[in-house]
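There are 4 protein chains.
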Amino acid sequence: MKRQNTIRILITGGTIDKEYDPLTGELTFPKSHLSNMLNQVRCRASCVLEEVMLKDSLQMGSEDREEILKKCADCLENRIIITHGTDTMVETAQVLGKNVKRKTVVLVGAMIPYAFDASDALFNLGCAFSAVQALQPGVYITMNGKIFTWNNVRKNKESGEFEELTC
Amino acid sequence: MKRQNTIRILITGGTIDKEYDPLTGELTFPKSHLSNMLNQVRCRASCVLEEVMLKDSLQMGSEDREEILKKCADCLENRIIITHGTDTMVETAQVLGKNVKRKTVVLVGAMIPYAFDASDALFNLGCAFSAVQALQPGVYITMNGKIFTWNNVRKNKESGEFEELTC
Amino acid sequence: MKRQNTIRILITGGTIDKEYDPLTGELTFPKSHLSNMLNQVRCRASCVLEEVMLKDSLQMGSEDREEILKKCADCLENRIIITHGTDTMVETAQVLGKNVKRKTVVLVGAMIPYAFDASDALFNLGCAFSAVQALQPGVYITMNGKIFTWNNVRKNKESGEFEELTC
Amino acid sequence: MKRQNTIRILITGGTIDKEYDPLTGELTFPKSHLSNMLNQVRCRASCVLEEVMLKDSLQMGSEDREEILKKCADCLENRIIITHGTDTMVETAQVLGKNVKRKTVVLVGAMIPYAFDASDALFNLGCAFSAVQALQPGVYITMNGKIFTWNNVRKNKESGEFEELTC
Chain H
32 MKRQNTIRIL ITGGTIDKEY DPLTGELTFP KSHLSNMLNQ VRCRASCVLE EVMLKDSLQM
92 GSEDREEILK KCADCLENRI IITHGTDTMV ETAQVLGKNV KRKTVVLVGA MIPYAFDASD
152 ALFNLGCAFS AVQALQPGVY ITMNGKIFTW NNVRKNKESG EFEELTC
Chain A
32 MKRQNTIRIL ITGGTIDKEY DPLTGELTFP KSHLSNMLNQ VRCRASCVLE EVMLKDSLQM
92 GSEDREEILK KCADCLENRI IITHGTDTMV ETAQVLGKNV KRKTVVLVGA MIPYAFDASD
152 ALFNLGCAFS AVQALQPGVY ITMNGKIFTW NNVRKNKESG EFEELTC
Chain C
32 MKRQNTIRIL ITGGTIDKEY DPLTGELTFP KSHLSNMLNQ VRCRASCVLE EVMLKDSLQM
92 GSEDREEILK KCADCLENRI IITHGTDTMV ETAQVLGKNV KRKTVVLVGA MIPYAFDASD
152 ALFNLGCAFS AVQALQPGVY ITMNGKIFTW NNVRKNKESG EFEELTC
Chain S
32 MKRQNTIRIL ITGGTIDKEY DPLTGELTFP KSHLSNMLNQ VRCRASCVLE EVMLKDSLQM
92 GSEDREEILK KCADCLENRI IITHGTDTMV ETAQVLGKNV KRKTVVLVGA MIPYAFDASD
152 ALFNLGCAFS AVQALQPGVY ITMNGKIFTW NNVRKNKESG EFEELTC
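Protein chains in written order, with this note's numbering: chain H, 32 to 198; chain A, 32 to 198; chain C, 32 to 198; chain S, 32 to 198.
The shape of chain H in the complex, shown without the other chains (with noise of 0.2 Å):
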């Protein structure tokens, strides 16, 4: 049996959840601040949460990548959020289209972390919240705005911006 409407929400860690660690002056995952998030904005959309893993996804391999498409492919939800660091957000959309059928999958991350004033955080994170009730099944990421499908989309590393292969 699937759950119809509610969201299933993969916590893998990323800029988003990063915190600063007074202590030591380096940004640290002490844990994930989603569930603040959704509070703090009075999201009533029914999600359940899961805490993946709380990488860098700089520090992702394969193994993380494919941990991460076994949590899709076996929870009872047609509608998954995955938040993502953003610099191989975009390789683990590859090896998600490639594999997840019949769901609706929304890769969603950050460029400054919500504990920071000038964060792009939650409307992030509210892009990815229509983008998973709205699509059709399919892979996709919402940043700066847009929604990419996962096979034309790539990370702008100068511009830190993503953007399609083909315009």
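Take these hints with a grain of salt, some might be off.
Identical copies go unnamed one by one, so any copy, or any two together, can satisfy a pair.
[What the hints assert, rightly or not] Computed list of lysine-lysine pairs in DSSO-like fashion (alpha-carbon distance at most 30 Å, straight line):
hint: 1; residue 1: Lys134; residue 2: Lys86
hint: 2; residue 1: Lys188; residue 2: Lys86
hint: 3; residue 1: Lys102; residue 2: Lys134
hint: 4; residue 1: Lys62; residue 2: Lys188
Think of the hints as simulated: they come from the structure by calculation, not from any bench.
Fit chains A, C and S to the known structure of chain H by using the hints.
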């Protein structure tokens, strides 16, 4: 000729744009924050901003809704986001829903102003951005992480949340 | 017996503690933020917080000022910070200045509530903390980065700034 | 001729001024935020800002401390605030404490950058402002809501808090 990919953002006021006036201690509309918001979140979707009015939606009358309707009908774009106070957002959605054809219109607002710490403004705006790009023509509201059609939504005055008329 | 090093913080309301009520769209005082503020800034000075009232200072009458005066006179501490609305802060300072002896009392508030992005609350509170610890007995106001004595200060209603009567 | 009432603010870097670089994911010093901070808090005390360097204080050497000392000695003002990284703030305070005469110098920093939500920067800066105006000549540190003299303070590396050597 229609501009297929550009989103027109009609600004009409509402809590999303309210600001604290330190001299009077009241919430006012000195100017819209939409442009700042889109800069902060690194939005790269093609947008045109138009300030139609800056009103508390409780102060809107039928002539205001007519003006908003006319803006929707007359503009070149097929995809329109309207920022709007939440108190009469459903009313305006009904006027538009009965009259706008062949365009995707999404109304959005906030329960807490953008200028406040715990605002839902950026998340809601993100929801509107994906909705306006992903949905078929029609009139919608994106609040509380959900997408509502204009004829199946109300604001629950007690909880301050939007909900379906029928579940 | 006096507690030499402990600071008593008398909370009386004012803009510093105002919050946005999403249901009514008005600024209200659901509770004081002082405890949260001191946690956020990692304050380790010995403090006792006491909520005397939560009022807009325009709503304060002479009986309120008498109550604040009594609290200052009766408490064990020699160092007292009073959070207070800015509109009648000078009036309260005058009542205290004429009557409180042998204690250092600092009144402080904010032009923008703590809960808003661009607030002056934490800075002003910091000014009050050092002032109450460094200054000789007397009654002072710390606003706009300055230290004022109770009998040489006014709030300029046009600029919203505190200034000396004589420069 | 000394400028009696003007405060010189010597900016040397430290966490207080760190910012998140979205392209590298690292904390950097693109520019000082001191001017923005003083604007936000509506500071009207007479100030002169001088950017001496923008360094992580762990990267400071004795030549940097000599430069800061020289700036303190040479400037016209008798009241000086130095923004500084917390890791070697005590070391710099000792160099200044042994050498600066007839001036009030206050070192201050932050455990969380100004640009982050839960920052202690503005509160600490407020503490420095009142301290520099209220205290007799000498060298001080204002952190954690307390005022320390240069020869009776250390940073507790485990708690991240400043404390007296002797209580």
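* To do: Run the structure past the numbered hints and jot down the numbers of the failing ones, going up.
  => none
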